[in-house]
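Undergrad: Chains P and V, in that order, give the protein sequences.
With the working numbering applied, the first sequence covers 1 to 505.
With the working numbering applied, the second sequence covers 1 to 156.
Because the hints were derived from the structure by calculation, they are not lab data.
Just so we're clear, the structure is a prediction, and the values are computed from it rather than from any experiment.
Just to be clear, a hint being listed does not mean it is correct.
Unchecked claim - Which bits of chain P does chain V cover? Going by a derived footprint, with three or more residues having C-beta under 8 Å, they are:
(1) 171-177
(2) 213-222
(3) 395-406
To be verified - Here chain P is said to cover these stretches of chain V; the calculated rule only asks that three of the stretch's residues, wherever they fall, bring their Cβ under 8 Å from a Cβ of chain P:
(4) 17-27
(5) 31-38
(6) 85-99
(7) 124-138
Said to hold, decoys possible - Restraint ranges, calculated between C-beta atoms of paired labels, are given here:
(8) P/Leu461 to V/Ala49: 22 to 28 Å
(9) V/Glu25 to P/Gln457: 19 to 25 Å
(10) V/Leu69 to P/Ala408: 34 to 40 Å
(11) V/Ile150 to P/Ala3: 58 to 64 Å
(12) P/Pro386 to V/Ala49: 45 to 51 Å
(13) P/Leu198 to V/Ile137: 29 to 35 Å
(14) P/Pro370 to V/Asn33: 46 to 52 Å
(15) P/Cys477 to V/Glu25: 44 to 50 Å
(16) P/Pro467 to V/Pro27: 34 to 40 Å
(17) V/Lys97 to P/Val474: 53 to 59 Å
Virtual Cβ for every residue (Gly too), placed ideally from N, Cα, C.
If you want the building blocks of each chain, they are given just below.
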Amino acid sequence: MDAIAQAFGLVTTWDVIFSVLLASIFGLFVGAIPGLTATMATAMLVPLTFFMEPVAAVGAMVACSAMAIFAGDIPGALLRIPGTPASAAYVEDTYRLTQKGKAELGLGACVLFSALGGLFGTLVLIFAAPSLAEFAIKFSSPEYFWIALLGLTCAVFMGASNPARGLLSLFIGLTVASVGLNNPAGIPRLTFGSTEMLAGIDFIPVMIGIFAISEVLRTVMAGTGATEGAPRAVGNIFRDWGWMLKNYWAQSLRGNVTGTAIGILPGAGADVAAYVSYAVSRRFSKTPEKYGEGHVEGVIEAAAANNASLSSAWVPALVFGIPGDTITAIVIGVLYVKGMNPGPTLFMFNPQTIYAVFLIFILANLIMVPLGWGLIKLSKNILRVPKQVLMPLILIFCIVGAFASNNAVYGVTIMLVFGIVGYLMEENGIPIAPCVLGIVIGPILEKNLISTLIKSQGNLLDFVNRPVAFGIFVLFCLIWVAIIWSWIRPREREEAAWVPEEPKP
Amino acid sequence: MRFSDSMLGAIFLVAGIALGWYSYELPSIPGQNYGASTFPFMIALGMIACSARLIYVGWRSGKEPPVFLSENLRNPRALAAALATILLIVFYILFSKRLGFIPTAFLITLCMFLILRVSLLKAVVLAIFASLACDFIFRTLLLVPLPSGIMPRLPW
Numbered sequence: 001m002d003a004i005a006q007a008f009g010l011v012t013t014w015d016v017i018f019s020v021l022l023a024s025i026f027g028l029f030v031g032a033i034p035g036l037t038a039t040m041a042t043a044m045l046v047p048l049t050f051f052m053e054p055v056a057a058v059g060a061m062v063a064c065s066a067m068a069i070f071a072g073d074i075p076g077a078l079l080r081i082p083g084t085p086a087s088a089a090y091v092e093d094t095y096r097l098t099q100k101g102k103a104e105l106g107l108g109a110c111v112l113f114s115a116l117g118g119l120f121g122t123l124v125l126i127f128a129a130p131s132l133a134e135f136a137i138k139f140s141s142p143e144y145f146w147i148a149l150l151g152l153t154c155a156v157f158m159g160a161s162n163p164a165r166g167l168l169s170l171f172i173g174l175t176v177a178s179v180g181l182n183n184p185a186g187i188p189r190l191t192f193g194s195t196e197m198l199a200g201i202d203f204i205p206v207m208i209g210i211f212a213i214s215e216v217l218r219t220v221m222a223g224t225g226a227t228e229g230a231p232r233a234v235g236n237i238f239r240d241w242g243w244m245l246k247n248y249w250a251q252s253l254r255g256n257v258t259g260t261a262i263g264i265l266p267g268a269g270a271d272v273a274a275y276v277s278y279a280v281s282r283r284f285s286k287t288p289e290k291y292g293e294g295h296v297e298g299v300i301e302a303a304a305a306n307n308a309s310l311s312s313a314w315v316p317a318l319v320f321g322i323p324g325d326t327i328t329a330i331v332i333g334v335l336y337v338k339g340m341n342p343g344p345t346l347f348m349f350n351p352q353t354i355y356a357v358f359l360i361f362i363l364a365n366l367i368m369v370p371l372g373w374g375l376i377k378l379s380k381n382i383l384r385v386p387k388q389v390l391m392p393l394i395l396i397f398c399i400v401g402a403f404a405s406n407n408a409v410y411g412v413t414i415m416l417v418f419g420i421v422g423y424l425m426e427e428n429g430i431p432i433a434p435c436v437l438g439i440v441i442g443p444i445l446e447k448n449l450i451s452t453l454i455k456s457q458g459n460l461l462d463f464v465n466r467p468v469a470f471g472i473f474v475l476f477c478l479i480w481v482a483i484i485w486s487w488i489r490p491r492e493r494e495e496a497a498w499v500p501e502e503p504k505p
Numbered sequence: 001m002r003f004s005d006s007m008l009g010a011i012f013l014v015a016g017i018a019l020g021w022y023s024y025e026l027p028s029i030p031g032q033n034y035g036a037s038t039f040p041f042m043i044a045l046g047m048i049a050c051s052a053r054l055i056y057v058g059w060r061s062g063k064e065p066p067v068f069l070s071e072n073l074r075n076p077r078a079l080a081a082a083l084a085t086i087l088l089i090v091f092y093i094l095f096s097k098r099l100g101f102i103p104t105a106f107l108i109t110l111c112m113f114l115i116l117r118v119s120l121l122k123a124v125v126l127a128i129f130a131s132l133a134c135d136f137i138f139r140t141l142l143l144v145p146l147p148s149g150i151m152p153r154l155p156w
């Protein structure tokens, strides 16, 4: 109890509150810009934290990343360009809602359930951290292998209208992920003699290209005639809260649990959490056909999941020093600089600082509601700007964002290539999401596949002879049986009915 | 530009075979049977299987033109606009270092505004504003080393 009182004392100082507030605004700003990710926001904050006290520094990182993940939903809803990868899973739904003139419903869901998800993840972090981390730490390469494969299966599932096209999209992503030196043998792979490609293909320019540049290309081709029925303003985002809480509390809770569980796993971050829980939500929904057409159900579950995973990703980071995602990987670096070395001893010798960090988590998720409301009120102006004016600005912003990812025009080149690839994929009815997820999970999948193969000397039984690995394997098989079943049975009917989507006007 | 199922299948079949061929020749970790080639080889197998299915579906559904140009692509103006956009990004890649960020950004945004039929005066004003704002946010606030090129260093 003494430690908690001390923690309160640490948090309620002006410089902590001030830096948390400033970092929140910075996170909202960066997250709302398409192509700038929450990870990027956190990374850009690192040099500033060197000048802060430990609690203020870690608090700033916490607030900034939580806000950035939420703010990524806003350009997704208004422009169909997710601000961060974590918002990509449900961008179709929020954008269609905006087109229907119901932007406040989608964005209201994002604010409320992001905050609730973040609070749930924090509660798990506070109460269950040590024991949950103990469970996750027992995982070895076979478990990770199956989890990665499960995530990828879920991604293909989402583009379920045509599994062959979904799988091809996934294979494109996995191929992109295998470029570079970062493979088990450390051999330059698919680099074609380029020095820059040795480091692999940077994820940020790929995201900018595949989501933003393809959109710019489509708009330019459609000409100026394409003024879409954008609403004048985002209405009262709080209006539908009561209704959503009443009807979708179960989805929200499931999203919280899924997100928290995925966040705890090292290597799987907010984007994976959002994709998996969106697929889960669609699978269990009474109206799966509405998904992707502007339905708020999946948005609630996935928006809750990505913020929940952000908090719970700190479980392995704090207790064992293993990053749960890219953001916590950066945070671990800051913890060492500040003398708060992560590990079980942190809880024993320095509990008040840990409790202070927990308090900041709660604070950040609470101020997300007013700050998010303010940002949404400001960002409605984006809708008033005609697309002819907006697209050139987006293009130049994308170019700079891609350049900033590694301070070289190499990023811009990647962005351009993937812009064209993204355009062609969409034209041909190949879903984008499996490709994006393939790029993120590919390296994890390969690393654990090869480690397991080498450890077992090629004995495939070693992939399933650990209890948890076997459990995930069974789940994986069940999902595949369901997919193959739906693939074989109604094939005759579906193929006759399948018409390639009309390109957007 | 839309490809028929068989055409799409054929493209990925070639890609899959090329990837399989390439990865087959990668060396494995010394003393191990697995290495850099294992994973891409598996991707290649999957790609070939999927493309085979697409070819089969396309072959069964009968005659479809291998490439279908959508309305947009048959309109020369739209095609020119898309090509110009791509060329403007290539222009940035090639010339931003020599010209500097602000002139390059100004030219790119100006051309884009004109392609999208924004009036000339508005386009010039917006392009100047966009390039200066981008420079301020990224170079001054976020410390991204944008190339200065022929531009004198700005006072902020």
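Undergrad: Holds or violated: the 46 to 52 Å window for the beta-carbon distance between P/Pro370 and V/Asn33?
TA: 58 Å, violated
Undergrad: The hint says 44 to 50 Å between P/Cys477 and V/Glu25; measuring C-beta to C-beta, is that right?
TA: 33 Å, violated
Undergrad: When you take the CB atoms of P/Pro467 and V/Pro27, is the distance between them in 34 to 40 Å?
TA: At 36 Å between Cβs, range holds.
Undergrad: According to a criterion of three or more residues whose C-beta lies within less than 8 Å of a C-beta of chain V, is the region 171-177 of chain P covered?
TA: Since 3 is at least three, the answer is holds.
Undergrad: Are there three or more residues in the region 85-99 of chain V whose C-beta lies closer than 8 Å to some C-beta of chain P?
TA: holds (count 9)
Undergrad: Taking the Cβ atom of P/Pro386 and the Cβ atom of V/Ala49, is their distance within the range 45 to 51 Å?
TA: Holds: the Cβ-Cβ distance is about 46 Å, inside 45 to 51 Å.
Undergrad: Lying within 34 to 40 Å: is that true of the beta-carbon distance V/Leu69 to P/Ala408?
TA: 36 Å, holds
Undergrad: Taking 19 to 25 Å as the stated bounds, is the beta-carbon spacing between V/Glu25 and P/Gln457 within them?
TA: Given range 19 to 25 Å: holds, Cβ gap about 24 Å.
Undergrad: How does the coverage statement for the region 395-406 of chain P fare against chain V, requiring three or more residues with Cβ below 8 Å from a Cβ of that chain?
TA: Coverage by chain V holds for the region 395-406 of chain P (7 residues, Cβ < 8 Å).
Undergrad: Does the hinted range 53 to 59 Å hold for V/Lys97 and P/Val474 at CB?
TA: 55 Å, holds
Undergrad: Confirm or reject the coverage of the region 213-222 of chain P by chain V under the rule of 3 or more residues with a beta carbon closer than 8 Å to the chain's beta carbons.
TA: Check passed, 7 qualifying residues.
Undergrad: Three or more residues of the region 124-138 of chain V near chain P by CB distance under 8 Å?
TA: holds (count 6)
Of the hints listed earlier, those the structure fails to meet are numbers 14, 15, in rising order.
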